[in-house]
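Generate the whole structure from the sequences, applying the supplied hints.
The lines below spell out each chain.
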Amino acid sequence: MRLSELAQRVGGSVAGDGARELLGVATLARAGATELSFFVNRRYRRQLADTAAGAVVLAPGDSGLFAGPRLIANNPYLAFARAAALLHPAPQLSPGIDPTARIHASARLGQGVQVQVQAVIEADAQLGDGVQIGAACYVGEGVVVGAGSRLAPRVTLLAGTQIGARCLIHPGAVLGADGFGLANDRGVWVKVPQLGRVVVGDDVEIGANTTIDRGALDDTVIGNGVKLDNLIQVAHGVHIGDHTAIAACVGISGSTVIGRHCVIAGGVGFVGHLHICDHVTVTGMSMVTRSITRPGVYSGIPAEEARGWRRNVSRFHQLDELARRLLRLERSPKDAHDE
Amino acid sequence: MRLSELAQRVGGSVAGDGARELLGVATLARAGATELSFFVNRRYRRQLADTAAGAVVLAPGDSGLFAGPRLIANNPYLAFARAAALLHPAPQLSPGIDPTARIHASARLGQGVQVQVQAVIEADAQLGDGVQIGAACYVGEGVVVGAGSRLAPRVTLLAGTQIGARCLIHPGAVLGADGFGLANDRGVWVKVPQLGRVVVGDDVEIGANTTIDRGALDDTVIGNGVKLDNLIQVAHGVHIGDHTAIAACVGISGSTVIGRHCVIAGGVGFVGHLHICDHVTVTGMSMVTRSITRPGVYSGIPAEEARGWRRNVSRFHQLDELARRLLRLERSPKDAHDE
Amino acid sequence: MRLSELAQRVGGSVAGDGARELLGVATLARAGATELSFFVNRRYRRQLADTAAGAVVLAPGDSGLFAGPRLIANNPYLAFARAAALLHPAPQLSPGIDPTARIHASARLGQGVQVQVQAVIEADAQLGDGVQIGAACYVGEGVVVGAGSRLAPRVTLLAGTQIGARCLIHPGAVLGADGFGLANDRGVWVKVPQLGRVVVGDDVEIGANTTIDRGALDDTVIGNGVKLDNLIQVAHGVHIGDHTAIAACVGISGSTVIGRHCVIAGGVGFVGHLHICDHVTVTGMSMVTRSITRPGVYSGIPAEEARGWRRNVSRFHQLDELARRLLRLERSPKDAHDE
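Residue numbers (the numbering used here), protein chains in the order written: chain R, 1164 to 1502; chain Z, 1164 to 1502; chain V, 1164 to 1502.
Don't take every hint at face value.
The list treats identical chains as interchangeable, and a pair is accepted whether it falls inside one copy or across any two copies.
[As the list claims (entries may be wrong)] Each computed SDA-like pair below joins lysine to any residue, with the alpha-carbon atoms no more than 20 Å apart:
#: 1; residue 1: K1354; residue 2: Q1274
#: 2; residue 1: K1354; residue 2: D1382
#: 3; residue 1: K1354; residue 2: A1322
#: 4; residue 1: K1354; residue 2: V1173
#: 5; residue 1: K1354; residue 2: T1456
#: 6; residue 1: K1354; residue 2: D1381
#: 7; residue 1: K1354; residue 2: N1237
#: 8; residue 1: K1354; residue 2: N1204
#: 9; residue 1: K1354; residue 2: S1418
Rather than coming from a laboratory, the hints here were simulated on the basis of the structure.
If you want it as structure tokens, here you go:
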């Protein structure tokens, strides 16, 4: 595809040779004459100078840093993402049911559904048009998968789980296992029946080996456009608002509600029954112990507004020195200011 | 079921209309006239006032907060758990072997066993009476599963694993993988054979994608009544005492022994070779680096008794301010007390 | 096997009865007269005194602590690991393809390959000589598995993944799922195509339910001799250097490069785009937020050199007391030194 056509389709302008033919995408370091690359991080400035890329996507303000053909966009990473999808389209689905797949007679399948080898579809499941069920997936009783959604191999959707349209779920993800509900009878744990479902919106991506438990009474709800990375734990009754992105290894305890357009970095933990408002960012490995009512960036264990946390952390690294200075003052307060 | 009968069966008393017919359970916010709800958290007091529930389970001291039919119990959550199990009984098992399941000729199956689609049962495995093996489970050589235990779809029990009676294991759990045993030969890691087993007691629940490694020499042991949430790592040679509950994303390093009736919150880490006594609670995302010999609540990185931790954490949030005050004192100690 | 033969084969010397016949290995506490045990941790000195083991592996300096037959080695744990492998050889592979396995016609299989029940091998996959594919494994299109590598049951290798020789991958591991690449279009996340692969060297071990994502553009690379424990997240574009060992529950963010011969303890998190040099040790539950250019031991949140971290942590536990002492000084600086 020519650079000029690409620019038009992803929403950008061209500087330099718009007729440049591009066949794929690559990093600045590896791209060749038929490949498109991108530049967003100033740390890679030297690589930009040295690149052999056929064209580079960059921001208007960086246009002067590169002499070759450019695709100039206000959000270069977004333009690059779209260009990559155009140059590397996902392989076309070949509809059909593998003979080793086990599909219950009462399941309803839309048009153009693909069910791969050894997948299991239980009673009363519904697969929308164009759904792809990967090898060895398990789709439980009454599960609904919306049109265009795709399950990679070995996804487990337990009974009653609802998946919206155009979702992508990666291997090993488990949706609908029982929440961790226990009552204590003089030292012995008694299971609280877990009667809710997992309900996932449209355009959601769920990472490998992530677990989303069914609600205890009400449902566990994942909003539209939510993106979940790998190895995340979403407990029973959690709600995640639309267009929130959560990185790997996050744990969200029961009944916590996370707002829309939040960004949760890796390894963060949330205690249960919190309300996090929209537009909150939590930095990596923080522990959120209280509800958050004001948009912003939060950090730490327990999490506080990130500015304060950073100051306190930098003081923490001086803590031994601070303690020694305090001791010196205590011993000889009159002289301390002379040092 | 009538409220009066329910109260009798779960161990509580009735106030108001004991003839109220109840068909299910629901939250205060959603329950209708034929549904039972419960009240234990004072934060939901408004919802209690507004509920349309047919009856509510609550503690004797809260009985005055609700005018409708009540099921009064000293442990209302426990009574509710039991009522929910009575009103929503688990679907009856239909025994039988799915024709796609692969069962080795030397495996021994008890009465009323169910083996679902595409499950694999290897040589010399033993399944007790009433065991349910979910779709696509892998039951390795010589594995023993006790009577009444239930494996959800896609559980992996590697060779030699022993499971007690009435256990419930969720999808993606892996029991019996090799422990992480390595010796170092001038920079190159040499595998230490992992020769022990995983031995699980009775009435244990194991969450989705949790991993429990086999012992290096001795067994890894999970006591009776232990409840493990999702995405937990239990390393080789760990022992978990009876009736201990562990929330999601906890990691327990090799050979650590956790006592009975402990409660470990989410995201906690234990280093190896520790001994944790009975009746210890560890709060979320703590790191336990030393053995604990006294029952109590522990917190922090590294974990200490929670009272001290909370004080120090609150000081941490003043740390930048403390450092400034110290500097001011150093500069002008005589005047500091005048501010 | 006789102790003398064992010593010769693992590289050690004998003290005492070299004709002692040994059939297996066990802990000091459990070993009997035909079993070999080992002693490396001084905490187990009493067990050494009381052991009924037929022979014990120990260091030259500890030889005097035990009167029975000894295998003396400079690295006793390594010698024990080798002895255990000799006394408990892995069961011999029986080559062959289970009739329920699904192997694409275009896949190429070496000599002596074993493919177990219900495994799936997709188009153009290549399995080297002596490869073992466990029950219900999924080997995607174009995957290469090197000679002598072994996949335990239920491993998922997505399209294009490359595995070297003599690797061992445990159940539930997922290699080659999409990296978490997202661009933001006015609040809505747009997927960035993930076009790289996962490339794993020789002699690598990968733990249960660990996830290694494919690179966005370049590959995610795991070096030779790397050992990964369970439930680890390796994001897109990460490189892990040869002979690095990483314990459970670690998360490594995108494009971070970890050097060779590093040791990463459990629960550690790395932010993205870091460079960690060779021979770095990171202690448990640390968060690495900056590149590390000097070999050594690092700890903390954020990680710093461990010596400083330990001092500051010990001060942290005095923090409330320090704050009170500061307040006292402020109130009465002149008297503080009299206390």
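Okay, the hints, checked on the actual structure:
no.	hint	in the structure
1	K1354 - Q1274	neither (41 Å within a copy, 25 Å between copies)
2	K1354 - D1382	within (18 Å within a copy, 27 Å between copies)
3	K1354 - A1322	within (19 Å within a copy, 29 Å between copies)
4	K1354 - V1173	between (53 Å within a copy, 14 Å between copies)
5	K1354 - T1456	neither (34 Å within a copy, 29 Å between copies)
6	K1354 - D1381	within (17 Å within a copy, 31 Å between copies)
7	K1354 - N1237	between (54 Å within a copy, 18 Å between copies)
8	K1354 - N1204	between (51 Å within a copy, 19 Å between copies)
9	K1354 - S1418	within (17 Å within a copy, 28 Å between copies)
Hint compliance for this structure: hints 1, 5 are broken, all remaining hints hold.
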